[in-house]
Amino acid sequence: MSENEILEITQEILGLTAGKIDLNIPIKDLPNWDSIKNLMLLNSIEESKNFQFTDNQLESIVSLRDIINIVGKENE
Amino acid sequence: MNELLSIIRDNKKRFADIKGETISVRVFSNITLNMLEPFLIDSYLKKNLKIQIKDFSYSSIIQDSINTDSSCICFIHFDSLNLSGEPLENIGNKEINYMKNLFDKITQEVELTLKNLESTKEIYLSTLSYHSYQYINGQDDSVRNYIEKTNEYFYALQEKYLNLKVINIDNILFESSGSSCINKRELFNSVAPYKFSFLTNLSDEIAKFSSLKNGKIKKVLALDCDNTLWAGTIAEDGQEGIKQDSSSKEGKIFKRIQEDANFLAKNGAIICLASKNFEEDVLSFFNTKKTSLEIENISAHKINWRDKASNLKEIANELNLGIDSFIFVDDTDHEINLVRTEAPEVETLQVPNDINNYPDFFAKIRNNFVAQQSKTNKAKQYKQIFERNKEMSSSDNVEVFLEKLNIKLNIYKNKKETISRISELTQKTNQFNMTTKRYTEKEILELTGNSLVFCFDASDRFGESGITGAAVIKQCDDGAIIDTFLLSCRILGRNIEIEFLTQILLTLKRNNVKTVSANYFETPKNKKFGKFYEDFGFRKKNDELFELDLNSANIKPINYIETKHE
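Those protein sequences? They're chains E and L, same order as listed.
Each residue of the first sequence is one higher than the one before, counting from 0 in numbering that gives the first Met the number 0.
Each residue of the second sequence is one higher than the one before, counting from 0 in numbering that gives the first Met the number 0.
Rather than coming from a laboratory, the hints here were simulated on the basis of the structure.
Check before you lean on any hint, since a few could be wrong.
Said to hold, decoys possible - To give a feel for the contact side, a few chain E residues facing chain L, derived at Cβ under 10 Å: (1) I12; (2) S34; (3) I35; (4) K36; (5) L38; (6) L40; (7) N42; (8) E46; (9) F52; (10) D54; (11) N55; (12) L57; (13) V61.
Ideal Cβ positions, reconstructed from N, Cα and C, are used throughout, including at glycine.
Let the hints inform the model, and build the full structure from the sequences given.
What follows is the structure in structure tokens.
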């Protein structure tokens, strides 16, 4: 799953227009964010890549950049 | 592409394309089911229905269900992974009294919620799943026993609440690969235990039953031939190169598909072929080889080199059926995408790439059809329609053609034996249905006590059509009002609707009725019959009401239709 795809799915789940997402701010500070949308985002990444974030990985996620880094490592 | 991303994007696009009202849905559950939303919208859109989820009620189900709008569709899901409100608690370790009280509380909550939702359009209630409980807590016979008893009670509630349909969750769990569709981390984190596969299958199941209630019935299964009904390409491999029997592995799979299609034809589905081929090659194959799908069970076919969207539209016209009652199965991306674009109302299904998955893929199609069909073989009736319409379109003078048809009509009034069929007609008829009022058998029975309920069966030289039209006439202050007037699309095009109305009006006139009013409520489906009453001679009072003065109206039966009142 590419960085672009993670951005696209985040946009769709949060209902945002392209270019409005700052990868480095805390995910919970993104417009329209709530816990259900967070769950949908993580589940969609997990199901798409057929892997599961570990509890440690989940705890370390603050921003979208963190997700992209974890997914990038899983891709290696 | 990410599955959720493609569903959300597709939903947006199709939502804009599909006409008609948007139905509100409320979800009541003891787990977090919010992720169901995109999947449920997708499943309804596949059935040409638009929904919006009004809300998800989580903790105070009974309270939240009060004052639910009657136009809402409601889904109640008590999940056995959170029976006590604490997903980590193993209730099997508790005292027997604790368990008894817990299940009593659940049944009470369900019944109170159902009472609150009694006047709503549709309610779907999940069974409790012993299997999901078992995946987390291990086997426990006493819990299984309580779950089975509770589910029996849920099913019995369907007798009491006629708007209720119970959904078997264990079947859905099984289809979603059992325990692998449970996300244990999220069960304990956010009480959202299910993965997308389960949510997809659950949504499909709800939308399947809901589409039947909303008149979105699939009647026609249109099948490609090469690599859909058999392995191989008839034009290239020749008849001998085609695999469709038990002599090869691939042949066994396609034999099973043909058997399922044949079974469907015998149980009310209309089977058609839409294939790019030489017509004589395909027909000769059916006539000379032992095919499990028998040629007499194929109602219509378009076998040529034209695009399949146009062919499907033509078949729909020739069978007098709406194109949205079609499911089309094909193996190629090109044909599937073309039909999706050119005839978006058709539900398109592509043969799986891995042919080993084809039997269970087709079994789902079969089960969806079986859930909605009357168990009669309609192949013969639709073959008659196909042949009649073909002959009519090649005839220079339609009136002369109709005169030679030898049409006979038997009209029945308030006859008990016809109640079930009349109710079925009100539930299923969408095109020539002037008010689209849906009546249960009980309601029709009540109407026969205080109104006139007519129906008819028809025949002509091509064959018999059975009971295919009905009308409900109610008394009003200054005369009578036509509350319901409908004809099955199977018999349209022979002026039978005019003769049926004529005979009803003559009956009313004989009973000294002076004025007859008629309702017409426009829907996207019945639009083309909006002028029916005016063309007959009724005066338009407003968009939904027409009136006829029986004393001054010139009502004459059609001379080429022989009518009997029974």
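Hints that the structure is at odds with (numbers, increasing)
11, 13
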